[in-house]
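One letter stands for each residue in the lines below.
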Amino acid sequence: MSKSRIEGAVQSKTRLSDRYNAWLRHHRLSAADSLHRVLDNLVASLMTWLVIGIAMALPVGLDVALDNATELSAGWDSPSQISLFLKEGQDSASAETLVREIEARDDVAGVHFVSREDALAEFSALSGFADVLASLEKNPLPNLLLVTPVASLVGTATDGLRSQLAQREEVAEAVLDMEWLQRLNSIMQLSRRLVMAIGGLLVLGVVLILGNTIRLSIENRREEIVIVKLVGGSNPFVRRPFLYTGLWYGVGGGFFAALLVSLSLWFLESPVSELAALYQSDFELEGLGMMGALNLLILGGLLGLAGAWLAVTRHLAAIQPR
Amino acid sequence: MICFERVSKRYDEGHDALREVSFEIAKDDLVFLTGHSGAGKSTLMRLVMLMDRATRGKVIVDGIDMASIPNRSIPAHRRDIGVVFQNHQLLFDRCVFDNVALPLVIAGYDHREIGRRVRAALDKVGLLNRERALPVTLSGGEQQRVGIARAVVGKPKILLADEPTGNLDPALSAEIMQLFEEFNQVGVTVLIASHDLILISKLRHRIITLSEGRLVTGGAL
Numbered sequence: 001m002s003k004s005r006i007e008g009a010v011q012s013k014t015r016l017s018d019r020y021n022a023w024l025r026h027h028r029l030s031a032a033d034s035l036h037r038v039l040d041n042l043v044a045s046l047m048t049w050l051v052i053g054i055a056m057a058l059p060v061g062l063d064v065a066l067d068n069a070t071e072l073s074a075g076w077d078s079p080s081q082i083s084l085f086l087k088e089g090q091d092s093a094s095a096e097t098l099v100r101e102i103e104a105r106d107d108v109a110g111v112h113f114v115s116r117e118d119a120l121a122e123f124s125a126l127s128g129f130a131d132v133l134a135s136l137e138k139n140p141l142p143n144l145l146l147v148t149p150v151a152s153l154v155g156t157a158t159d160g161l162r163s164q165l166a167q168r169e170e171v172a173e174a175v176l177d178m179e180w181l182q183r184l185n186s187i188m189q190l191s192r193r194l195v196m197a198i199g200g201l202l203v204l205g206v207v208l209i210l211g212n213t214i215r216l217s218i219e220n221r222r223e224e225i226v227i228v229k230l231v232g233g234s235n236p237f238v239r240r241p242f243l244y245t246g247l248w249y250g251v252g253g254g255f256f257a258a259l260l261v262s263l264s265l266w267f268l269e270s271p272v273s274e275l276a277a278l279y280q281s282d283f284e285l286e287g288l289g290m291m292g293a294l295n296l297l298i299l300g301g302l303l304g305l306a307g308a309w310l311a312v313t314r315h316l317a318a319i320q321p322r
Numbered sequence: 001m002i003c004f005e006r007v008s009k010r011y012d013e014g015h016d017a018l019r020e021v022s023f024e025i026a027k028d029d030l031v032f033l034t035g036h037s038g039a040g041k042s043t044l045m046r047l048v049m050l051m052d053r054a055t056r057g058k059v060i061v062d063g064i065d066m067a068s069i070p071n072r073s074i075p076a077h078r079r080d081i082g083v084v085f086q087n088h089q090l091l092f093d094r095c096v097f098d099n100v101a102l103p104l105v106i107a108g109y110d111h112r113e114i115g116r117r118v119r120a121a122l123d124k125v126g127l128l129n130r131e132r133a134l135p136v137t138l139s140g141g142e143q144q145r146v147g148i149a150r151a152v153v154g155k156p157k158i159l160l161a162d163e164p165t166g167n168l169d170p171a172l173s174a175e176i177m178q179l180f181e182e183f184n185q186v187g188v189t190v191l192i193a194s195h196d197l198i199l200i201s202k203l204r205h206r207i208i209t210l211s212e213g214r215l216v217t218g219g220a221l
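Protein chains in written order, with the numbering used here: chain U, 1 to 322; chain A, 1 to 221.
The following block holds chain U by itself, in its conformation from the complex:
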């Protein structure tokens, strides 16, 4: 080597575009180098991926199951019916008036009037207590209006209609028939909350697991970090490979989560369709789909970055040349 080269011992200042290229180059280099390191320790990396995959698959799998349950129960979600039991002493004529009034409401699809005589006849026929009933002095049954709300009326709005109808003076009692469906919906909402809470905890767990994994790899490369800092490596420069390591762990974990969820669904598919067939339903399990799987990869990547960031900010600054 020529002395002439050293003779130009003047720091050449890099231009802005050069700096940008250098920055890009180091990103590429860090990404590739980190991926190499992850793949070189394949067994250890597989374990990390699986841990993250399982932690992510659990809430995601439950969520998919809930989506399916919602899908299934949506089929039952016919508009509920409100039974209005009228007060005693109302004759058929005033009941008819009431029917017309209620039918005129925007939120009511239809009203069916069951007079107390009809009800008694039906009850006698169905119950087998005809003799007993015949011996009664008077008909114990009230007049009944069956009110069907419009289909667009759901949840609490149906209950609002019920309470409005209950306030009318002709009405003794108003009962929402499909309350069990609302209970089911509430249970589903509660389950969704639970899944979110569990998911939140597991996401935190994933971030901590990744943070710890990255912390270990920082410890393993402590000497290298010291040397890089000694020869002028900035904190972002030192940080970059570790952030990419976190990214690869996270994306791999996301992939395994998608794989686990898909495997579980495949495992459940045939018993579910058998069960559905027994109920004369053509219900089919809905999977993650391409977008769901892609989202899992992205989420995994973000969690990986978050975990790496946590570890890097906590531990890298502490490593200084001594």
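A hint or two may mislead.
Pair ranges (Cβ atoms, derived) [as the list claims (entries may be wrong)]:
1) R193(U) x R112(A): 55 to 61 Å
2) G141(A) x L259(U): 49 to 55 Å
3) Y11(A) x Y20(U): 19 to 25 Å
4) A197(U) x R72(A): 38 to 44 Å
5) R116(A) x Y20(U): 17 to 23 Å
6) R222(U) x S37(A): 23 to 29 Å
7) G141(A) x N220(U): 28 to 34 Å
8) L72(U) x R72(A): 26 to 32 Å
9) S68(A) x L42(U): 45 to 51 Å
10) R19(U) x S37(A): 40 to 46 Å
Hint data in this document are derived by calculation from the structure and do not stem from the laboratory. Positions of the beta carbon are idealized from the N, C-alpha and C atoms, including for glycine.
Given chain U's structure and the hints, the job is docking chain A onto it.
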């Protein structure tokens, strides 16, 4: 190029590593720094490359007061200084080429330029044919040459060497010192800490002597 004005360094545990040290090293100078271990040689070097900051006094490197450099600018400052360490500080899982290339990778040179400069530096220290070797397969003298190549590859204005011949036999030590003289001849300011008095007294350069943190001789230009 390097100027100390009444510099003191006291470590947290109360140990005074440097006391009121003043000296100046001109551009293109080659200066030896000597003294017993614990005399403050390493501390002085650490202050120049901002591994530590002076407790009192002023350290000026290339016209810049070190106190004015914020922590986040320390990496950029270090990129302007080549450093050779006694224990080499090489990356043992990377080949010779990658070790020497490290400062250039950090500075963001493109790979063609890195290849040219690294080979030039390796040629200079006589290791061009070992560029793919791992440092463990090299002798102590060769490892030190890799360290020197890494220190000069970025064409720094200042070259610091902390006991660069500490573990080498006299013949190898003389060769290494000759390398430093060659760099000095092309305009690099060189500061070498060494307690090998026999070797450095033969070389006829200015010698700064420290004893228990005080400058004993060699302070004047």
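If I claimed the Cβ atoms of S68(A) and L42(U) lie 45 to 51 Å apart, would that claim hold in this structure? holds, 49 Å
If I claimed the Cβ atoms of R193(U) and R112(A) lie 55 to 61 Å apart, would that claim hold in this structure? Roughly 59 Å apart at Cβ, these two residues keep to the hinted range, so it holds.
Should the hint that Y11(A) and Y20(U) are 19 to 25 Å apart at their CB atoms be regarded as holding? violated, 41 Å
Assessment of proposed distance window 38 to 44 Å (beta carbons of A197(U), R72(A)): About 40 Å separates the Cβ atoms of A197(U) and R72(A), which means 38 to 44 Å holds.
Holds or violated: 26 to 32 Å for the Cβ distance of L72(U) and R72(A)? Check failed, 58 Å falls outside 26 to 32 Å.
Could you see if the CB distance from R116(A) to Y20(U) stays within 17 to 23 Å? holds, 22 Å
Taking the beta carbons of G141(A) and N220(U), is their distance inside 28 to 34 Å? About 29 Å separates the Cβ atoms of G141(A) and N220(U), which means 28 to 34 Å holds.
Could you check the hint for me, namely that G141(A) and L259(U) are 49 to 55 Å apart, CB to CB? holds, 54 Å
Is 40 to 46 Å a correct range for the gap between the Cβ atoms of R19(U) and S37(A)? Holds, at about 42 Å.
Distance restraint hint 23 to 29 Å, applied to the beta-carbon atoms of R222(U) and S37(A): The hint (23 to 29 Å, Cβ to Cβ) holds, given that R222(U) and S37(A) are roughly 25 Å apart.
Hints 3 and 8 from the earlier list are contradicted by this structure; the remaining hints agree with it.
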